[in-house]
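Assemble the complex: chain S is given as a structure, and chain H must be docked to it using the hints.
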Amino acid sequence: MSKLIRMDHTGHSTVAEWTSEDPAAVEAAVQSFRAELERGYLAMVSTGPGHAEQVRELPVDADLVILRLPISGG
Amino acid sequence: MRPRFLIACAGCAAAAAWSGQAPAAGSPPTRFALPAGALRLSDSEVPASSSAKITFSVRLDRAVKDGRLALTLPRLWIQRSPVSGVPYAKLPVHGRGSSGRAKASRAARVVSFAFMLARDGDSARFDVRDNGIPAGTYRLPFSWREGATIRARGTARVVFYGGQRPRRAATALSADRVKGASARRRGRSI
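Sequence order for the protein chains is S and H.
Following this note's numbering, the numbering of the first sequence begins with 1 at its first residue and continues without gaps.
Following this note's numbering, the numbering of the second sequence begins with 1001 at its first residue and continues without gaps.
In short, the hints are calculated from the structure, not lab data.
Cross-link-like lysine to any residue pairs, in silico, SDA-like; alpha carbons within 20 Å at most:
#, chain 1, residue 1, chain 2, residue 2
1, H, K1090, S, E53
2, H, K1065, H, G1097
3, H, K1090, S, H51
Here the structure is a predicted model, which means the values were calculated and not measured.
Extracted from the complex, chain H is given alone in its bound form:
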């Protein structure tokens, strides 16, 4: 199932190509096409309380004079647990850029990936380290702005799951594999 996206650039040709890309059926997308590149998540599903690191990165596929992706983190992620007083996540103030033309930084909940006179291939990344984020599905809205104009909006989702990883629905391919494995165990070919 594909998530729904709000396309802000009415009439913009990029809108048609702008969609999330799911790594597997049922998983939240890890890639979001932008008018000038893509936003990627290293993972969109992680086990809760595993201290997992999630990297958000933006890579350009064309030159950008003045572009910025603003990604809003869930409110809980910047808070402290009332039980322990410890922050739910380790959030740096700065990320990393591939050059001086690309920067990532955080102010409260908003992570900005800023590109100035940037070239095709420039990128910026920002790491979030889980520090006890409760299980649940978290929404991270983002917007891509060039100059003063917002060209695209969307929402990434990250699932922290408790217990076992959710089972995937069988696909035609996986069903064949299972069938093949059972037949091989019984000494038959299919």
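Here chain S stands alone, though its shape is the one from the complex:
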């Protein structure tokens, strides 16, 4: 099960969950993903320990996609 997680004031919230075998769940996750990007969130996917890559389309095969606000505070 893949997860789309948003970092917000509550901590980490689940925005969407999907499996690649479930087209309806994938479509819902893609819609949610786009809506969050519209709100100003950035989407990141881990590429290894301590490394992440920004993505602009939902990587359906990723286990975890994190939505976060742009970094502040230097």
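Below, chain H without anything else, positioned relative to chain S:
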């Protein structure tokens, strides 16, 4: 409102001068005087989920033979979110010292700022990067030890706020500014 502090050095002259210093009314203090210097926080209020970096630093204002500040991080900060499995904060094991006489390091929740044969002006710092810490007020107790004796204790507070930054109560100065701005808009002087 000033926070209350527990002064451990009973009868110690430094106790009288040892207090938190608030940057603005209502904000948690960002500076805490210590018997041999000060603990500073780069920020005591940050927006939640902004990936903000908070720097804790200790700077000496006199020579110290063997001194150590132990700062305890909130339990949640070293944990992982049960939702994502991702750590709530990025916490390095080591910080930075201004020289070989000053070091900062972390073991689990405790960040130690250690000074050996240190001089006036030596400093050490440690960065915490928010990685989804939930909104709330977090308490970080600390103690300053020289040799085997704890000379001072206190508690720093860091607020992660959700939504908009809390509004400050108007001060006499800010009220004057507002009054002045309204008068200028109406073409009057005050």
